[in-house]
Amino acid sequence: MALDTTALNSADIGVGTAVQAAVEGRANIFEMTQAAEEAVLRPKDAGPWSHSLRAALAARIANLNDEAELAARYAADAGDFAALVQPTEDGAAQGLAEVVGFMDKVAADTRRVAGNDILALQSAGVADADIVRLAELNAFLAYQIRVIAGLRLMKGMSA
Amino acid sequence: MTKVITKFTRNVPHWQPRVKPVDLQEASAEQLDALKVTPSNTKVSEYVLTLAHDVESLKVRSPLFNAIMYDKGGMSRSERELGALGASMVNHCIYCAAVHAMRHAQIEKSTEVTDKLFRDGANAELDTRDRAIFGFAVALSECPSQAGPEHMQALKEAGLDEAEVLDLILSASLFGWANRLMHVLGDPVRLEDSGK
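Just so you know, the sequences run in chain order A and G. The working numbering puts the first residue of the first sequence at 1, with every later residue one more than the last. The working numbering puts the first residue of the second sequence at 1, with every later residue one more than the last.
Please note that a few of the clues may not be correct.
Computed, partial: chain A to chain G, Cβ under 8 Å [said to hold, decoys possible]:
hint, residue
1, Ile29
2, Thr110
3, Leu151
Here are the simulated SDA-like cross-link-like pairs (lysine to any residue), alpha carbons at most 20 Å apart as the crow flies [what the hints assert, rightly or not]:
hint, chain 1, residue 1, chain 2, residue 2
4, A, Lys105, G, His92
5, G, Lys72, A, Ala27
6, G, Lys3, G, Arg18
Hints are computed from structural coordinates only; laboratory data are not their basis. Note that the structure is a prediction, hence the values are computed from the model and not measured. Where a beta carbon is used, it is the ideal one built from N, C-alpha and C, also for glycine.
Make the full structure from the sequences, and use the hints.
This is the structure in structure tokens:
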């Protein structure tokens, strides 16, 4: 069965390579990774974070990680939030400055995230459940981006 | 009173949420299903109750986590723990680092490697294979990833095959995920009256 997942398509591993053989051995993991993408990017219950906003934030996090190809994939679904794809936009124009600032810090400066960052979101009126939703989106992207970066390195090694 | 832990330790702290976890009494049918709550099993950690706010993610995350850390074949259990620890040290997730350093020490029946890492930091002197594994996990966990062909070469020279390298990528990346939940949504604390 051919695996069709964002991670594998972004890393573009070749057919018949040692990398592909290793991936086939963990096919269940790549299928579950794609299911996780559905759950955080396109959930049935999106709360206040629409699918297009989620796509924009995902593309933004990919850009913070210099993953332009993945950023372009997500940016295609960013709709009205397309401006947020660029890390230079601070989210103020969309009324999302607190959310965008939080997402950038969790993605790029994780070690410095502290209780005050959660308090700032709560003070801005973000409900606890919706803070968890933001963290899950961010956390999944951290994983998917690194799987892609790792696969690309494997591909280069066995080439 | 509680004290927030800021230094790496193998003595696993208590995880104290910064947001209010789901109240089991008010949980939806879908949340109860994802939490695997049954009349005979009502014990759910505060961490899992916190993640239950995003039930669709919780449902897919647990089986994925278990597959990456425990599925047979490929890289050894203790080396996957080392990948998890590398990410957790970069992201300064005290809780994840404690759990996975402790598991590494249990599997290896030795605290030597994790003692060195906690004492000397991420650049601690390790044997060739552990050094290559840990160094790759650390580099991959930076934002953006700093892992390069030289790290891949070190893994190859240390004798890792493709299946092992893939498992290392998966375990280190998975903790990029786990750290951003554990370290962001709660504090690692000692409960002063717990006697621990």
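Go through the numbered hints given earlier and state which of them the structure violates, listing their numbers in rising order. Per hint list: zero violations.
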